[in-house]
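A.B. asks: So you can see what is in the structure, the chains are spelled out below.
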Amino acid sequence: MPHVTFIHGIANKPKEDELRRIWCDSLEQAIEPLSLSNEGVSTSMVYWADLMYGDPITDTSNFESTAANADAAADAAGATSIPAPATPEEAAFLEGMREKLTSRDDEQIAAAPPAAQNAAGGSFERIPLPWFLKKPIMNAFLRDVHHYLFDVNFAPPGRQAVRIQQTIRKRFLDRVNNPGSDGPHIVVSHSMGTVIAYDCLKRVDECKKVDGLITIGSPLGLDEVQDKLQPGWSRLNGYPHERVATRWVNLFDRLDPVCGLDPQLANDYRFSSSKRIEDIQIENDGAWRHSATKYLKQPKFRQALRSMLGL
Amino acid sequence: MASDDEIRARARALLVELKNDAELKDAAAASDLLLHLRNIRDFSLLMDIAEAIGRVAPAEAIPRRLYAQALIETGRVTVALDVLEVLRRRLPPDHPEMAEVTGLLGRSYKKMYFDARFRASKAARTAMARAIEAYRAGYLANTVRNTWHGVNLLACAAHCRRNGIDYPQEIDVRKLANELLITLQAMPDAERDEWYLATLAEVSLGTEDWGTIESALQRYAVSPKTEAFHLSSTLRQFTEVWNIDQEERGAVALEVLKVRMMQLPASAVTIPADSLFQKVPTEPQFQAVLGNIRGTQTRSWWIKGLEQGLGVAAIRQKLGGRIGTGFLLRSKDLIANERSEYLVLTNFHVVNTAGAEDGATPDSVEVRFEAVDANLSYDIDEILCESPRDDLDFSLLRLKGILKDPKPLDIARALPVLEPNPPQPQVYVIGHPKGNEQTYAFQDNEILDHEGPAAGKPARPDICRVHYHTTTEEGNSGSPVFNSIWGVVALHHKGGKLMTKLNGKPGTYPANEGIWMQSIIARVKAHV
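Sequence lines, in order, name chains H and L. Those letters in the first sequence? Residues 1 to 311, per my numbering, in order. Those letters in the second sequence? Residues 1 to 528, per my numbering, in order.
No lab work stands behind these hints, which were simulated from the structure alone. Idealized CB from N, CA, C, for every residue including glycine.
Estimated spans, in silico, between C-beta atoms of each pair:
#, chain 1, residue 1, chain 2, residue 2, range
1, L, Trp210, H, Lys275, 54 to 60 Å
2, L, Ala28, H, Gly310, 51 to 57 Å
3, L, Asp462, H, Lys275, 47 to 53 Å
4, H, Val204, L, Pro420, 24 to 30 Å
Capping the alpha-carbon separation at 27 Å, the derived lysine-lysine pairs in BS3-like fashion look like this:
#, chain 1, residue 1, chain 2, residue 2
5, L, Lys494, L, Lys505
6, L, Lys279, L, Lys304
7, L, Lys111, L, Lys258
8, H, Lys15, L, Lys225
9, L, Lys304, H, Lys300
10, L, Lys501, L, Lys457
Given these sequences and hints, build the entire structure.
C.D. replies: And the structure:
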């Protein structure tokens, strides 16, 4: 029986089981649907939003919708702020990442028009969104990736703080090492989930081998991220061949702000100097191109997953 | 939220407690439990407990009212009226239960009217007059809070006006509709329950504002709060009371809602075999009710579902009626290296070589694909392979002659994967219910359990069974059981209220049972 392990990306999310069902439903909502359940493919979700955010999203009616006019529709849920760096290395990381996302300074961002007035006027820089959405997205992205890569001791208010990287790694291993089936096992990761998946598959000895890896909307092309994945990552031998038995397929949208600056990974994660990753460009709907569900609805995604599962 | 099984277990424990202790220790908890039983529609257990409470705590109003509601739901309307009239006399006018009691009185009389074969009869008209009187009293007691009384008053008055039945002329239908609309629109979001959008659409029928009707129905149909039970009630109300199927725009909206209902667990529709595709609304009509993307997807899903009906056959006694269902398959999907032909699969207990176990003999029956040609039957040439009722319960038939427009069904490779938490995946049964000539019954059921991979532990490794919820339709022996993308996963063969649970789990439950197609295929390959 084949199995797919999902791992989600930045910002707050619905509860684990609900998020997994939303991802599966996205695969079914197409003219040529892929129904994993009906194909006998089991699924699980590596869930970590609860480590970073308070209560999960309960109203999922607009979750990752095409409207992109609400925070839950555009990976901006959770009301985060950019963390204060504890070391010069962290400061350099945050500054480098921030420069990739915007050329505006804090004062210019603060002076941006409020939400209601700016709904149509935000198509500037790389992210064609109004600032009332763009700012929380940027905050969520920087905060979540920073906390993981620097293994920050953190918890939402009212909870016991934990080491973020260690805890998420453990959750990844719990899921990936125990798929509960014996067929092909594919990891499907999105956004920061691709960083976590790569980190574990390349750098964690206890992690078991999987048959294939799919990354969507991945920031793994950013220099700042690659630097923090050493030791393990190198441009000439960064492919996680130790634990990815066959293919790594990477889907990107050039207007996805998380991956758009350096969307192709084959050149940066070579296997013995050779390109191995299959980079596939797609075009998502709407202004906000980063949503996982939009990637999952892409025919090229379903084709890749089908073939990797042997369906 | 507790599962249905947990609710029933708690209810049975309370029943024992009431009988042993002869006192009600926690009235609020008991009422809450009865409400849960009502919501899962286990009226039999609800009435047992309400009866037991009535004996030890007769003053408790909520259990009494729910007892009456269960009586209405199970068709014992006059007994319900007796219970409700006593409650109405006994409770003070400002008692919180009074609104529910007057509403249920209205509902009882309304049901008497709509159940009547001759609605022009004196008894029926009297029932309608009393329904209007009860709903009106409830509505006037609090026009802001008791909107459901108001909506029913509106529906009944509009029905009377449309059908020439006397009703109090001081009721101005349009004015009442506008009044209700204002109240509904002012209702805070937090107070809007799962019926809100349906109510909004219904009130808008009173003002004949089709834009608002369709917009409210669209949001209602796709809302995560809307279950098949809600849609079924709305369809009944809109058809029976408002007769909107008589208007073209209304008839289209109803058809789309019906299809949407089939995507939700626990629903069923019956379609005449000779008009399987006739009532399918156009793509723009689907989009008008369900939105562009969902409308298109839902329509193509439903058309594919209807196409499956072309491969489903009635097994009929020659010169007699139906005795079961069968379905067409490609021989290459069942038998390795076999010549290319079509075969029909049905239950052993429907037809078998010896006519054993209540089954008919092959020469006494004929097979008819009613949606393809209602007058064309095929005789059985031979039974290629069969397995008795207590084994795999199937017979694989080769038909005589060349089939007209054969539409074989696709077989799914796998069983749907069970979820760790409800809801479970859905399956669809298409069959020919007994007694309903020339009709197809499409039933949608939630899987309860199965013995397939990865967690299944079949009692016999060569027989893998699937359990799914029961519905009211009977006579589906030999029907195909489809997954949600119309691949056949199982052969339906029996159902019952006390089916032993699968995978070594203790206890019984009401369930239907199918045999996994891959178990049947393995047996056929080994024997043919």
